[in-house]
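Below are the chains, spelled out letter by letter.
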Amino acid sequence: MTLTDLANPTKFLALTARVLPWLVGATILLFLIGLYQSATAPDDYQQGATVKIMFIHVPNAWLSMFVWAVMSAAALGTLVWRHPLADVAAKAAAPIGAAFTFLALLTGSLWGRPMWGTYWEWDARLTSVLILFLMYLGLMALWRAVEDPSRAARAAAVLTLVGAINLPIIKFSVDWWNTLHQPASVFRMGGSTLDRAFLFPLLVMALAFTLLFVTLHLAAMRNEILRRRVRSLQMMQASQKAA
Amino acid sequence: MSALGALIQRDIRIALRVAGGALIGVLFFLTVVVLMPFAVGPDLKLLARLGPAILWLGALLSSLLTLDRLFMADHEDGSLDLIAMARTPLELACAAKALAHWLASGLPLIIATPVLGLLLNLDVPATSAVAMTLLAGTPALTFTGMIGAALAVTLHRGGLLLAVLVLPLSIPVLIFGVAASEAAITGPHSFGAPFAILCALSLVSLVVGPFAAAISLRHGLD
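Protein chains in written order, with my numbering: chain U, 1 to 243; chain F, 244 to 465.
Pulled out of the complex, with its shape left as it was, chain F reads as follows:
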């Protein structure tokens, strides 16, 4: 099997095995979504109105928190240095790690969305709209978050700084994700336009993220 395939498989296995891995992200997603009605009040109509925004915020915060683990664990036991020194280009290795991270952390969020949609009184079309936008948008969150994770990997207390660095870059994804969901639900504006921009953001981050992360890692590790 190719080196990249092995890297992806390794990352997914570690994420699914270790306690601080993939499922913690879904648990945090659930916690955030459950917290919202306590803050906003149990009015079901209001929750349905806010539903897409709450789901998107939960997904954003959850992916932000699991980003820490993208490079930090490997850095601590030295495998990041090995990956950086390997023959596979570091850009491709970063892309592979981010893909594995999305498969292990982002995809479960999307699978959990229908269940959480029930909690927020969202009907089936609304929930599927949110799930589709999350499917298109969470890769952007992971790949742009990877840039922040690479910048913060060499800092010991980097967690909060990582969030501060990554959040401004994630705001456009959030804006268009919620806009697309709302357009699908309430409907005067088109769903296609914000959804297309969301896909474009994901595609751009797929290209820019690995290069920026590789540069940061190379400079940070030496």
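So that you can see chain U by itself, here it is in the shape it has in the complex:
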């Protein structure tokens, strides 16, 4: 089955119906491993046990940007290649990405209180992630503002691509403006500065959260396809009644 076969919604539904249970199982397994590793990781010499919020905060932050990147790829699929399922993918991903962004802000805020003494600080990274959250919400509003899903798709695709400029700003904000949020420690030139005892649980949790996103995304895409079918059937029924 090639990638072009997957453009057929029925085949997509059939494939995901087979694959989803395995994905759910893999996600649960990875979360169990990751949470166990996080719980048994050593305490930080400065932060104590509070450092373990990192194992939830950092994967959520990574995923908030990753989901926007996935939506941008889907937006290109809609605008450039007119892929039939690209707009389904984009619409399904937006609320999930917004949830990850919100969780990143929330866990970061809870971590900031004991570490920095404040729940919020208007520094470069927090501000740009907050703007990303607002853009997610605006995108979700745009999807729901237009009646016809395929017309909404093209408007939303443009907005997604324009908003993608925010991703490099978030990534490099801690390097460009030296404010409060700590600079990059994992994805940086010269390799990670994180100790292995923290890096491995972090990567396992990141993988677990990514699998969670894939699972939720595929399930949401299935729901969206079914929702559109219901809408078509309702419209057919309405026009038959009128005739």
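Each hint should be verified, as a subset may be incorrect.
To be verified - Beyond 10 Å from chain U on every Cβ pair, some chain F residues (computed): (1) S245; (2) F281; (3) P285; (4) L304; (5) D311; (6) A329; (7) E334; (8) A374; (9) I428; (10) H432; (11) H462.
To be verified - Now the in silico label distances, taken between C-beta atoms and shown as ranges: (12) F/E319 to U/V230: 18 to 26 Å; (13) F/G402 to U/W122: 24 to 32 Å; (14) F/L287 to U/L110: 38 to 46 Å; (15) U/R113 to F/F454: 26 to 34 Å; (16) U/D44 to F/V277: 47 to 55 Å; (17) F/K288 to U/R113: 27 to 35 Å; (18) U/Y119 to F/R260: 49 to 57 Å; (19) U/V80 to F/P368: 44 to 52 Å; (20) U/V80 to F/V447: 19 to 27 Å; (21) U/L130 to F/R461: 47 to 55 Å; (22) F/M328 to U/R151: 13 to 21 Å; (23) U/E147 to F/R253: 26 to 34 Å; (24) F/A246 to U/W22: 38 to 46 Å.
Keep in mind that the hints were calculated from the coordinates and are not lab data.
A virtual CB, placed ideally from N, CA and C, is assigned to each residue, including glycine.
Add chain F to chain U, keeping to what the hints say.
Quick look at chain F alone, frame taken from chain U:
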């Protein structure tokens, strides 16, 4: 005269003639700036300290509100379809409309800035710094706002959604505009760096805005 010149002239004439046009924007700017001392208190030193920020916020909100009229009026009477179908590329037509919109709505804001600076107890160097940053930054507001206006043109109740879509894109312009103004007034940091970035934002939006708006219009109008 070329098609684009005719389009610009038409838009400016309509904006200056119809009631909901250019001067309403300046009036709203004045209203916002007058409201601030009621909220913040009449302390002149505080107002002078906040002055650049208040002027920039007023300009941002005013340009946000006049953006609605960029495409909506033409869409309602059908001329937007004619413009989209014409031989002139839609990207250039959007750029021309945005230029006309800036000339009719953005430029009056900059001209009004010295007067409003008096209300906020800003001295001449401060006011001219703010006016210069507004001159460099309002094109960015107009051209990035054009993207939101094009996205919202086909929505009937699009006004508030337009603001929500455009605001995150305008925040960098606001940040650097105020930073440049403050740097010129209080001065330990350089004025040149944020001002250069502000000019860069305007130049980038001059290129990206028309293309994004044209794509949105093409997809929204069919």
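Could you tell me which of the hints above the structure violates, numbers in ascending order?
11, 12, 15, 21, 24
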